[in-house]
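Trainee: Please build the complex by placing chain B on the supplied structure of chain A, with the hints as guidance.
Number of protein chains: 2
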Amino acid sequence: MTAANEVMPIGAAGEKAQHAARLALPPGEATAAQQQSSKRGSLLSGVICINILILGCAMVCSSVFSPDAVSPVNVQILLSVLLLLTTAWMVYYMAYVARLDKAVLYKDGHAGPVWLRGGLVLFGVCSLIMDVFKIANYVGYMHCDSAVKIVFPAVQALFILVQTYLLWFHAKDCAQLQRNITRCGLMLCLASNLIVWMTAVTEESQHQTVIPKSDHAAGDNNRVFPPVSGNKEGECNCSHTACSIFKEAYYYLYPFNIEYSLFASAMAYVMWKNVGRLVDQHAHHKHRFRLKGILVGPVVGVAMLVAGLATFVIYEVDMAMDDKEKKELALKIHYLMNTVAVSLMSVAALIGYAIYWLDKRDHVSEKNPTRSLDIGLLLGSSLGQFLICYFNMVAIVASSATDVLNALNLACSLLTIIQIILQNVFVIEGLHREPFNEDHEGHVFANPHALHSNQETHQPSTMRRSTSVVIITTGMHVPVTLGPCWKRRLLKEISIFLLLCNVILWIMPAFGARPQFDNELGFRFYDYSTWSAVVNIGLPFGIFYRMHSVASLFEVFLIT
Amino acid sequence: MTAANEVMPIGAAGEKAQHAARLALPPGEATAAQQQSSKRGSLLSGVICINILILGCAMVCSSVFSPDAVSPVNVQILLSVLLLLTTAWMVYYMAYVARLDKAVLYKDGHAGPVWLRGGLVLFGVCSLIMDVFKIANYVGYMHCDSAVKIVFPAVQALFILVQTYLLWFHAKDCAQLQRNITRCGLMLCLASNLIVWMTAVTEESQHQTVIPKSDHAAGDNNRVFPPVSGNKEGECNCSHTACSIFKEAYYYLYPFNIEYSLFASAMAYVMWKNVGRLVDQHAHHKHRFRLKGILVGPVVGVAMLVAGLATFVIYEVDMAMDDKEKKELALKIHYLMNTVAVSLMSVAALIGYAIYWLDKRDHVSEKNPTRSLDIGLLLGSSLGQFLICYFNMVAIVASSATDVLNALNLACSLLTIIQIILQNVFVIEGLHREPFNEDHEGHVFANPHALHSNQETHQPSTMRRSTSVVIITTGMHVPVTLGPCWKRRLLKEISIFLLLCNVILWIMPAFGARPQFDNELGFRFYDYSTWSAVVNIGLPFGIFYRMHSVASLFEVFLIT
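Those sequence lines, one after another, are chains A and B. Heads up, the first sequence is in this note's numbering, so the first residue is -14 and it goes up one at a time. Heads up, the second sequence is in this note's numbering, so the first residue is -14 and it goes up one at a time.
Just so you know, these hints were derived from the structure itself, not from any lab. Certain hints may be false.
No copy labels: a pair is met if it fits in one copy or bridges any two.
[As the list claims (entries may be wrong)] In silico DSS-like links for lysine-lysine, alpha-carbon gap of 30 Å or less: (1) LYS24 <-> LYS472; (2) LYS92 <-> LYS24; (3) LYS258 <-> LYS24; (4) LYS87 <-> LYS258; (5) LYS345 <-> LYS472; (6) LYS345 <-> LYS258; (7) LYS24 <-> LYS345; (8) LYS345 <-> LYS277; (9) LYS258 <-> LYS92; (10) LYS87 <-> LYS24; (11) LYS472 <-> LYS277.
All of these numbers come straight from a predicted model, not from anything done at the bench.
Bound-form chain A, shown alone:
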C-alpha cells in the first residue's frame, strides 16, 4: 500500500544526476530563468484552455437557444476537431516519451491513484458502449440526416481509447522535456473534456425536460423516447427496427460519460500541475493496511453497506413499476436510509475531530503540492452536493410541503450538508498529521544495543506523560506510540466506518438512483431545465466527491 508522498524514480541515480547536470540545477530546485519559463508556459496554456472553453460554452448555449443557426451538428463538428487534435497530441506525447527515456525522469506516486484510474476505465468502457449504440442508432438515419452524427461518436470512441491508455500509463508523469508543448497539450485535453462534459450535461438536461418545446431540437426533449430523432421536424424515420432500443440504451449511459469527462479532467489537471516538477524524495513512507484490533467500525460500516444495498435494490425495483404508492414508499425508505447513514457519519466525524483536538501529534509542516491539490479537489467536488441540497431545501421550505416524504427529504438534505462539512474537516485534519510510528522503524532498532539504549532514553520521557500507554516489545520492529493507543484505535475505527459509508453513498447515485427526479417536487418548483441542470451538474461532482473521500479516508486510515 502506498501513501502520501511516494515517489518512484525511474532509472539509476547516476542517470538522474546526469539529467540534473544537463538541466544545470540540483534536484528539487529550479533556476529563476526556468521558473520564469514555467510561468510563461503555464500562462500560455491557461490562456488557450480558457479561450477554447468559453468558445465551447458559447457554442453550446447557441445550440440550445438558436438551434436553427447553431445546430447540434455544428457543436459536434467543433468537438470532433478538438478531440482529433487532442488525440494527435496524445499519440505524439506517448511516442515521444517512449523514444526518449529522459523525457520523464520523475513520477509523482500520489497522482493518478488506482481508484481514479479504475473509475476512469469503468466509465470509459460505458462511454464506449454509448458511442457504439449512438453509431448503431444514427446508421438508421443515415439516408436523411447528417453524417456528422456518425462521425462524432466514432471520433469520440477513438479519443476515449487513446486518452484512457494515456492516463492509465502516464498519469504519474512529471514531464521534463518539451514542457511547454506538454502543458499546452494537457490544457487542450482538459478543455476538450470539459466541453464534452458541458455538451453531455446540456443534452441530458434537455432530454429530461418533459415539457415539449416546439422551438428546440425536437426528439431530444421528450422523456418518452420517441422513435423519431434529429431536428428534421419528424420527417426522418429510422430504417431499422432497433433504433428506439439503442436510443433508450444510450440515454442510460450518458451519466457515465459525464463522469468519465470529470475524471479525465481531474487527471489531466494533475498532470499539468506536475509538468516540470522535480519531486523531492525524502518523504518516502510505506504503510501497511492492517485491520488488527479494529472491530466496531468495520462491522457497523458493513452493516450500513448491506442495508444500503438492500434499500437500493428495493428502490430500483419499485421505481421500475408504475404504482405511485410503491414509488413513494421506495423514496421514503431511500431518504430514511440516507438520513440514518449521514447522521451516524456526522457523529463519527465529529468524534474523530474531537480526538484530533485532544491529540498533540505534530502537524506536517512541509509544503506538499499534491496534497494541497488533493484537498482542493475534495473541497471543490463537495460543492456539487451542496448545490443540490440547498436547492432541495429551499424548494421544500418554500413550498411548505409538510408530508412525511418531504420532511425526510429535508432532514436528509440538511444532514448531508452537515456531514460533508464535518467529513471534510476530519479528512483535512487527518491528512495534515504526521504519520504514527514514523522514523522509528527498522534502521535504529536493528542493533540490540541501540534498542537497549533507546529503551533507557525513552522511558523517562514517556513516564512523564501520564496519559500515554507505552508498549515496548523487543525485536526488529518496535512501535513507539507517539499518542495514546485508544485514540489511535478510535481514529482507525472512525476512518474505516466513514470509508464504508461513503462507498454505499457512492454506489447509489453512480448506479442510477435519482430521487431528485423521482420526487417531482424539484421539477414542480423550479423550471424543468433548471432543476435538471442543477442535478446534472451537481450529481456527477457528488459521485466524484464520494470516490475521492473513500481514497482520502483510506489514506487517513493508513497514516493513523
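Mentor: What follows is chain B alone, placed relative to chain A:
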C-alpha cells in the same frame, strides 16, 4: 507615488518587537501551530462563505422560477438579515481596532489602492442614491405592498455607508488579533456582497427582458417602465405621481450597484487574505512619476482619449433618439473607434512584450502574495470580456450577418480578445521584472569617494555590453542604467499609451454605453434572459478589468 511592495509599519520598531515577542515568533515567520490555526480559520470561514453563497444562489433561482413560493420579498428578508449581521460585525471590528492599537500592527501598502477605494466611493454614492430612489418609489406603494420593500433599501444604505467607511480606512489592515473572528466576518462580508451582486444581476436581467412573461413577477419584466410595480398583479397603484420617474431613475443606477458589490468583494477578499500576515519590510521601493522624455505614448493616448470621448457623446446622443438609421450609424462609429483602439493597443503590447524578450533585466524571484493576488484578479476579471466577445462572435458567425455593422462588431470582438491576451502578458511580464535603478539610489552615492570607486568598478562591466548606453552623471542621484535607454523609454511610452486607452475603454461602458443591447443581434440570437445575463455578468467584470489594468499599467510604468 507608492509602488509594489510598500509597507507601512505602525508605531515604533520597539513596539513591533514587543508584539512579535508576545506572539513568540520572529517577524515574518509563524510557528507551525499558528499556521495550523490559520488554516483552520480559513477553512471555517470559507465553509461559511460557500454555504451562504449557495443558499443565496438557490433563493435567487427560486425567486425567478417560483415567484409564488419564494417572492423577491423573501430574498430581501434573507439579504436584510445578512447585511445587518455584516454591518454589526463591521462596527464591532472598527470599535475593536480603534480601542486596541495592537490589533493591526502591519499594513499591506499594496492592498486597497486609491483607484479601488475611489471607485468604491463613487459607486457607493450612486448605490446610495439608488436606495433613496427605491425607498421614495416604494413609499408610494406602502398602502398595498410589503413594508420589506422599504426596509431592505434602508438596510442596504446603512450597509453601504458602514462598509465604504470600513474599506476606505481599513482595506490595508493585516489583522493580528482575533484572527478567526475577523476571517469569518470578512467572509460574511464577501458572501453578502456576492449575493447582493447576484440579486442585482438577476433583477437587471429580468428588467431588460422585453418579452413579457406572465408567470414572472410582473412589472420588472418590461423595458418600458410601466407605472405599476410589485407582484400584486397590477392591482397596487402608486399613491404619488413621481413613482415612474423614481423607478426609471433607479434602474439606471443598477449597474453602479453591481460594480460596487464587485469592488467591495475584491477588497474584502484581499483583506481576508491579509489576516494574520506579517508583511516583510525589506522590499521598500519608492518610485516617482515622471513623464520627462516620454512623448509619443502620451500624445497618441490623449488623442485616443479625446476621440473616444467624442464618439461616446455622439453614441449617447444618437441612442436617445428614435431614429433607427442614426442609431445604426452611432453603433458603427462606436465599433470603429473600439476596433482602432484595440488594434493599436495590441500592436503596442506586442512590441512591449518583444522588448521584454530582448531585455535581460532580472526577474523578481521572491514570492509576493499580494502581487500574485493582483495578477489573479487581473486574469479572472478578463474572463468577463472574453465571455461577451465569444458569445457575440458565435452569434454573428452563426447568423451569417454580412452587413458592415456586424462585420465591424465581429472585428471588434475578435481584436478585443487578442488585445486582452497581449495586454495581460505584457502587464504580467512587466510586473515580474526588477525595477530599474534599484539599490543604486541615495545611500551609496552620498559619499563622493564611494561614487568614484563605483564608477571605476562599474565601467568595465558595462563596457563589455556592446548595446548598452551608459550615462554617468555626478552628484547625489546617479541613475545607473541596467538596460539600454531606448528600451526603457519605449516601454514607458507603451505603458502610458495602454493606460490612457484603458481609461477610455473603461469610461464608455461604465457610463452607460451598451452596444450589446442596442445592437439587437444578441437578443434575437440567444434567449432574451440568457443574453442579458451574459452581458450583465460579463460587463461589470470588464469594467473592473479596465480599471485594474490602468492601475497595473501605472505600476509597470513606475517600475520601468
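Trainee: Each of the hints needs a verdict: does it hold here or not?
Mentor: Verification of the supplied hints:
1. LYS24 <-> LYS472: between (44 Å within a copy, 23 Å between copies)
2. LYS92 <-> LYS24: both (21 Å within a copy, 29 Å between copies)
3. LYS258 <-> LYS24: For LYS258 and LYS24, the Cα distance is within 30 Å both inside one copy (11 Å) and across copies (22 Å).
4. LYS87 <-> LYS258: within (19 Å within a copy, 40 Å between copies)
5. LYS345 <-> LYS472: Classified as within; 11 Å inside a copy, 58 Å across copies.
6. LYS345 <-> LYS258: Classified as between; 28 Å across copies, 33 Å inside a copy.
7. LYS24 <-> LYS345: Answer is between; shortest inter-copy Cα gap is 17 Å, intra-copy 39 Å.
8. LYS345 <-> LYS277: Only inside one copy: LYS345 and LYS277 sit 24 Å apart there, 62 Å across copies, limit 30 Å.
9. LYS258 <-> LYS92: Within one copy, since 12 Å is at most 30 Å while 33 Å is not.
10. LYS87 <-> LYS24: So LYS87 and LYS24 pass the 30 Å test inside one copy only (22 Å; across, 38 Å).
11. LYS472 <-> LYS277: within (15 Å within a copy, 71 Å between copies)
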